[in-house]
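**Student:** Each chain, letter by letter, is given below.
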Amino acid sequence: KQEVTQIPAALSVPEGENLVLNCSFTDSAIYNLQWFRQDPGKGLTSLLLIQSSQREQTSGRLNASLDKSSGRSTLYIAASQPGDSATYLCAVLDSWGKLQFGAGTQVVVTP
Amino acid sequence: DTGVSQDPRHKITKRGQNVTFRCDPISEHNRLYWYRQTLGQGPEFLTYFQNEAQLEKSRLLSDRFSAERPKGSFSTLEIQRTEQGDSAMYLCASSPTDSNQPQHFGDGTRLSIL
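Taken in order, these protein sequences are the chains called A and B.
Plus 299 on top of the position in the first sequence (first one is 1) and you've got the working numbering.
Plus 195 on top of the position in the second sequence (first one is 1) and you've got the working numbering.
In short, the hints are calculated from the structure, not lab data.
We put the beta carbon where it would ideally sit given N, CA and C, even for glycine.
Please note: incorrect hints may appear among the correct ones.
Stated by the list, open to error - Covered stretches of chain A, as calculated for chain B (at least 3 residues, CB under 8 Å): (1) 341 to 355; (2) 362 to 373; (3) 382 to 395; (4) 398 to 404.
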């Protein structure tokens with residue numbers, strides 16, 4: 300049974316610092332891995348999708364890496380801003396098209 | 196592209212009542228998913244459709260839950276005889292058939308059982 304874990308559960312950093320969010324999964328037979336952002340009371344916004352054959356994806360200040368063999372992914376957010384405050388969720392997609400989510404990392408960026 | 200739309204945004208009901216939620220996916224997306232999210236947790240998969248066919252259901256989806264997508268467009272999720280434990284955010288997502296395209300989520304329906 301796939302288990303997805305995110306560490307830390309919460310993180311507070313001053314504006315301008317880089318953010319490092321970790322995600323681990325127990326079954327390496329994944330189709331892809333996705334990172335999402337969730338604001339309070341809202342749905343999820345897709346940030347990055349890494350296919351199982353890829354090692355990383357980049358979009359603006361965001362960079363995500365994937366090491367399928369060790370069951371790990373890391374999301375880096377450069378030069379954090381107060382607007383980056385949100386909960387960040389990682390999820391792995393299995394061959395049946397189901398996403399399995401971690402519990403998320405709640406990020407607060409202080410001005 | 197108007198995004199995934201869910202209705203209602205909030206639903207408060209008494210234990211034992213039936214509730215129905217609606218999801219309108221992005222129009223060109225063949226796949227539609229339902230998830231449930233409780234406070235402090237990530238979403239949990241409930242079921243998904245490809246066009247009108249329901250392809251998979253989670254064991255979380257008890258007999259009191261039923262989902263339909265009659266014409267392969269919008270979907271409904273019905274909960275019969277609601278219980279306190281059904282209180283959660285119910286999220287809908289849609290995607291193209293290509294699994295390497297991300298799922299797009301609606302803002303969810305928050306269900307509160309009194």
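**Student:** With a C-beta cutoff of 8 Å, work out whether three or more residues of the region 398 to 404 of chain A approach chain B closely enough for the coverage to hold.
**Tutor:** holds (count 6)
**Student:** Just to make sure I understand the rule, a stretch counts as covered if three or more of its residues have a C-beta closer than 8 Å to a C-beta of the chain. Does the region 362 to 373 of chain A meet that for chain B?
**Tutor:** violated (count 0)
**Student:** Do at least three Cβ atoms from the region 382 to 395 of chain A come closer than 8 Å to Cβ atoms of chain B?
**Tutor:** holds (count 4)
**Student:** Do three or more residues of the region 341 to 355 of chain A come closer than 8 Å to chain B, measuring C-beta to C-beta?
**Tutor:** holds (count 7)
In summary, the structure is inconsistent with hint 2 from the numbered list given earlier, while agreeing with all the others.
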